[in-house]
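On the provided structure of chain A, position chain B as indicated by the hints.
Each chain is listed here by its residues.
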Amino acid sequence: MTLTVFHSSDYKKDMIQHPPFPYQPPEAELEKASNSYLMSLIAIMVGMPMPIVNLLATGIFFMGNRRGGYFTRWHCTQAMLSQITIFLVNAGAVGWTIYIFFGAGELSNYYIAYLITAFLINLVEFIMTIYTAVKTRKGVHVEWWFWGPMTHALCRK
Amino acid sequence: MKKAALQFLISVALFAAIWFGLSRIDFVGETTTETIGRETERRLGDLMLKQLDMMYQRAYDDSLLSVVDMIHRRICDANGLDPDSITVHVFETSTINAAVLPGRNVIVFTGLLRFTENAEEFAGVHAHELGHIAENHVMERMMNEFGTTLLIMMSGMDAGSEIIANILRILTTTAFSREQEREADRVAVAYLEEAGINPVHLGNFLLRISTRESGRRVPEWVSTHPDSRNRAAEIFEKSEQMEAEFEPLYEGDWESLVRYSEAR
Numbered sequence: 001m002t003l004t005v006f007h008s009s010d011y012k013k014d015m016i017q018h019p020p021f022p023y024q025p026p027e028a029e030l031e032k033a034s035n036s037y038l039m040s041l042i043a044i045m046v047g048m049p050m051p052i053v054n055l056l057a058t059g060i061f062f063m064g065n066r067r068g069g070y071f072t073r074w075h076c077t078q079a080m081l082s083q084i085t086i087f088l089v090n091a092g093a094v095g096w097t098i099y100i101f102f103g104a105g106e107l108s109n110y111y112i113a114y115l116i117t118a119f120l121i122n123l124v125e126f127i128m129t130i131y132t133a134v135k136t137r138k139g140v141h142v143e144w145w146f147w148g149p150m151t152h153a154l155c156r157k
Numbered sequence: 158m159k160k161a162a163l164q165f166l167i168s169v170a171l172f173a174a175i176w177f178g179l180s181r182i183d184f185v186g187e188t189t190t191e192t193i194g195r196e197t198e199r200r201l202g203d204l205m206l207k208q209l210d211m212m213y214q215r216a217y218d219d220s221l222l223s224v225v226d227m228i229h230r231r232i233c234d235a236n237g238l239d240p241d242s243i244t245v246h247v248f249e250t251s252t253i254n255a256a257v258l259p260g261r262n263v264i265v266f267t268g269l270l271r272f273t274e275n276a277e278e279f280a281g282v283h284a285h286e287l288g289h290i291a292e293n294h295v296m297e298r299m300m301n302e303f304g305t306t307l308l309i310m311m312s313g314m315d316a317g318s319e320i321i322a323n324i325l326r327i328l329t330t331t332a333f334s335r336e337q338e339r340e341a342d343r344v345a346v347a348y349l350e351e352a353g354i355n356p357v358h359l360g361n362f363l364l365r366i367s368t369r370e371s372g373r374r375v376p377e378w379v380s381t382h383p384d385s386r387n388r389a390a391e392i393f394e395k396s397e398q399m400e401a402e403f404e405p406l407y408e409g410d411w412e413s414l415v416r417y418s419e420a421r
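Going line by line, the protein sequences match chains A and B. With the working numbering, the residue at position 124 of the first sequence is 124, and numbering never jumps. To convert a position in the second sequence, counted from 1, into the working numbering, add 157.
Everything labelled a hint here was simulated from the structure, so no lab data went into it. Just to be clear, a hint being listed does not mean it is correct.
[Claimed, not checked] Once the Cα atoms are required to be at most 27 angstroms apart in a straight line, the calculated DSS-like pairs of lysine-lysine come out as:
{"id": "1", "chain 1": "B", "residue 1": "207", "chain 2": "A", "residue 2": "135"}
{"id": "2", "chain 1": "B", "residue 1": "160", "chain 2": "A", "residue 2": "157"}
{"id": "3", "chain 1": "A", "residue 1": "157", "chain 2": "B", "residue 2": "159"}
{"id": "4", "chain 1": "A", "residue 1": "138", "chain 2": "A", "residue 2": "157"}
{"id": "5", "chain 1": "A", "residue 1": "135", "chain 2": "A", "residue 2": "157"}
[What the hints assert, rightly or not] Derived, one-sided and incomplete: chain A residues facing chain B with beta-carbon distance under 10 angstroms:
{"id": "6", "residue": "84"}
{"id": "7", "residue": "85"}
{"id": "8", "residue": "89"}
{"id": "9", "residue": "109"}
{"id": "10", "residue": "110"}
{"id": "11", "residue": "111"}
{"id": "12", "residue": "114"}
{"id": "13", "residue": "116"}
{"id": "14", "residue": "118"}
{"id": "15", "residue": "145"}
{"id": "16", "residue": "146"}
{"id": "17", "residue": "150"}
[Unchecked claim] Per label pair, the in silico range of CB-to-CB distance:
{"id": "18", "chain 1": "A", "residue 1": "157", "chain 2": "B", "residue 2": "170", "range": "31 to 41 angstroms"}
{"id": "19", "chain 1": "B", "residue 1": "394", "chain 2": "A", "residue 2": "52", "range": "34 to 44 angstroms"}
{"id": "20", "chain 1": "B", "residue 1": "307", "chain 2": "A", "residue 2": "116", "range": "17 to 27 angstroms"}
{"id": "21", "chain 1": "A", "residue 1": "101", "chain 2": "B", "residue 2": "404", "range": "48 to 58 angstroms"}
Just so you know, these numbers come straight off a predicted model, no measurement behind them. Backbone N, C-alpha and C fix where the C-beta goes; we use that ideal spot for every residue, glycine too.
Bound conformation, chain A alone (with noise of 0.2 angstroms):
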């Protein structure tokens, strides 16, 4: 899975595209619509790395500015949606290490798959969360595969 910047010209085929968003956002919702990428990073970073620690951030973020500009919403859902199947991914993880450690299932080769493959997930949603907060924060509009056409299917202008 390549992480790659393409512009607007072929955004079609893209991890991550970059279309031209209805209207220039104004600096207030460029830093609103950062800072909902960076909530979750804020999470990991003051040591909760608690699944649900982080989607609680992203969501309480999300509600602050429900009633904000198109922009500012549109990142805040598509920060929020991406939270919540990172949520589900570690939960999956978390569930499955209880399952293990209280002797109910056992070590597995299925289990270890499981950890490294919820890791790379995590690692690259880390690191897109990370440039798309540089992105919107300079204005660039930033759609990623799935969570951003769900979020159009989903955030009304």
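Just chain B, lined up with the frame of chain A:
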């Protein structure tokens, strides 16, 4: 939304592919019963046999042992099993039990032999135990109960230790899962049919032993092989569908053979 659905499906497929691909790598080493190592299994079996030797005498009646061996070879030969790769150990004790130990060992107590009414009943029990070996139930169960690391550690212990005695007690007095018992029954019926031995006798044995479940002296084989009545019914049902003619397995007087061995 169509695009999101398509990308979602591709993402899930990619996730599954990475997960499955990585799971092909053996991260945890000896984690499966197939890979735990025959050597570890053999050592565990040897330890338990030593433990049994400290507890019971080996049966020494040659005529009884030769009949047991004949039955063992007949079932193995008819079913493509190497009879010499599985060892049958007969111990002199009134305990009504038979069990499988790691390392392809079957233990039979003379109490069980005396409880059987004919050679076919013993053949049925033996085929059932061979079924547990064929399906690798013992190591599966030990892996589940103790885990790989502990099993490898235990294989380095000495016979006479409390732990080995406890494992032996667990293997000889507690049951496999119902599914494993039924699986061993299915294998046993197939083995018996191939060997020209009427499986109905295994059903008879199970039925007879089930009537003792509420009796004063409950055979140990009952506690390790639950649900005997229903399993007997399933064996009878399968036997009815068989068209083969079965010859008697042992021409001599079975009761005298097993009783006489006790007197000597």
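Here's how the hints hold up against the structure:
no., hint, verdict
1, B:207 <-> A:135, "72 angstroms, violated"
2, B:160 <-> A:157, "19 angstroms, holds"
3, A:157 <-> B:159, "20 angstroms, holds"
4, A:138 <-> A:157, "21 angstroms, holds"
5, A:135 <-> A:157, "21 angstroms, holds"
6, 84, "13 angstroms, violated"
7, 85, "9 angstroms, holds"
8, 89, "8 angstroms, holds"
9, 109, "5 angstroms, holds"
10, 110, "5 angstroms, holds"
11, 111, "8 angstroms, holds"
12, 114, "6 angstroms, holds"
13, 116, "5 angstroms, holds"
14, 118, "9 angstroms, holds"
15, 145, "6 angstroms, holds"
16, 146, "4 angstroms, holds"
17, 150, "5 angstroms, holds"
18, A:157 <-> B:170: 31 to 41 angstroms, "32 angstroms, holds"
19, B:394 <-> A:52: 34 to 44 angstroms, "53 angstroms, violated"
20, B:307 <-> A:116: 17 to 27 angstroms, "26 angstroms, holds"
21, A:101 <-> B:404: 48 to 58 angstroms, "57 angstroms, holds"
In the structure shown, a violation is registered for the earlier hints numbered 1, 6 and 19, in ascending order.
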